[in-house]
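Chemist: Here is how the chains run, residue by residue.
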Amino acid sequence: MSENIVRYIEGDSVVHRLDPRAKIIFVFLFIASTLVASNLFEVLLLLLLSIGFYSLARLPLRKTLPTWKFIFLIVVFLSFLNLFVLTLLYPKEGHTLLQAGPIKVTYENLISSITPVVRLLSIASVTLTLVFTTPPNLYAPAFGQMGLPYKAAYVVELSFRYIPEMIGELRKTLEAQMARGYRPSGGNNPLGRVLRVIPLILPVTLSAALNVYDIADAMELRGFGASGCHTWYRQLRMRRRDYLLIAIGSLVFVSMLLTRTVFSR
Amino acid sequence: MAKTQRGGISTVTIVAMAVGTALYAALNVFFNMLQLPGTQLVALRPSVAIPMFFGYVFGPLVGFVSGFLGNIISDAISWGGFWWNWDVGNGLLGLIPGLIVYILPEDKRSTRLGLVWSAVLAVIGSIIGMGFASFTDYIFGYGISTIEEAIYALFLPAAVTDALNGAILTPILVAAYYQAARGRARRA
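Protein sequence lines, in the order shown, are assigned to chains A and B.
Residues in the first sequence are numbered from 1 upward in steps of one, following this note's numbering.
Residues in the second sequence are numbered from 1001 upward in steps of one, following this note's numbering.
Think of the hints as simulated: they come from the structure by calculation, not from any bench.
Per the computed footprint, the stretches of chain A lying under chain B, defined by three or more beta-carbons under 8 Å from a beta-carbon of chain B, are: (1) 71-83; (2) 111-121; (3) 160-168; (4) 198-204; (5) 211-224.
Covered stretches of chain B (chain A as the covering partner; in silico rule of three or more C-beta atoms under 8 Å from a C-beta of chain A): (6) 1052-1059; (7) 1063-1077; (8) 1132-1142; (9) 1147-1158; (10) 1163-1174.
So, partial list: chain A residues that the calculated Cβ filter (under 8 Å) puts toward chain B: (11) 31; (12) 35; (13) 86; (14) 127; (15) 131; (16) 151; (17) 154; (18) 155; (19) 156; (20) 208.
For each residue, glycine too, the CB sits at the ideal point set by N, CA and C.
Chain A with its partners taken away, still in its complex shape (with noise of 0.2 Å):
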């Protein structure tokens, strides 16, 4: 189960080599961008900026598959719901484009059902690569030295560690509890499976709550604390490419911004 945990796909591209550092500092800019960008050109050229990047990553197709599945599924499923609230509330003027009965699909509709579903398609593809290129124990150390303080970053590096520690009690309980004469209920089927771990729920959390004072204890009987900050074992360095990357972000950024205040009224 604990091969799961890391979503990160090994590679040689450029994305790959980039700084995590300028990575965040771009999905952030790109985020913003999108809350920014209003019509469904700017949005198109926001896909297309996010795709390219994901296709400098070089990810196999095999790895990547089921989660693009799971995307596809959440975007057929809205923009479905879309257009079809959009159309039956509120029927705006327009082209008719296809008309059954009292239902009438007109061009404005599929305009404005079209935008948000790929606004949220560029968003998916952008933290996607993200989080595919980036190691899991390089985001504490990247966000500790973007300035961060320690303690906040530590947050991050902690929770990373103790994952698969959770899994794994989830598990043992699961099976100790097997072992004392419990029987999973439910079938084999999926509402069954996650009825199955609703008891575990509570012995893990209580468990868990209580060592957090052992853990703590022993944390400062090692000295963390004491003095403010410690340093990084690994030591990032930005290079030309991040800058680059970076740049391409702001001005991307500011050039939404711009259509949006400036030129467009």
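Chain A is fixed; fit chain B onto it per the hints.
Modeler: For chain B alone, kept in the frame of chain A given last:
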């Protein structure tokens, strides 16, 4: 203990944040793995009680961080990618039960009154947190474009299931925690 308060955040708080985050992320990953793809949109998540419980016991900041960071990590693990507004919404789920520090004194939190408050705050937290997430989805236009859709497709399913799970599980967790803490004679 008091010596390490220099930065304003004690070691217990830091560890509680990390453990809460890890537990929430792990449980969410568990639920996501066991689910059929596609049911996740309106997922039944009993794990929402984790940030609520951590918020109630360790304070609002711990609740917020464990909900926020836990949701980012579990989303990134189980399918890659993350949505900042749903992460903030999940953080609010944990922050609002943590407001109990301003409502009840420490020794009253394990009484029956405290348990009722924890259930009430869990419901309020679900409404505000999921409301924030679905309406920011609408305002910024992430996938949906009408307010009706935000209410009926995102807000109501998410808020109702989270409120039910939170209102049932949080008091149970809180009661069991204070019992166990008393039994072990720990600071709590």
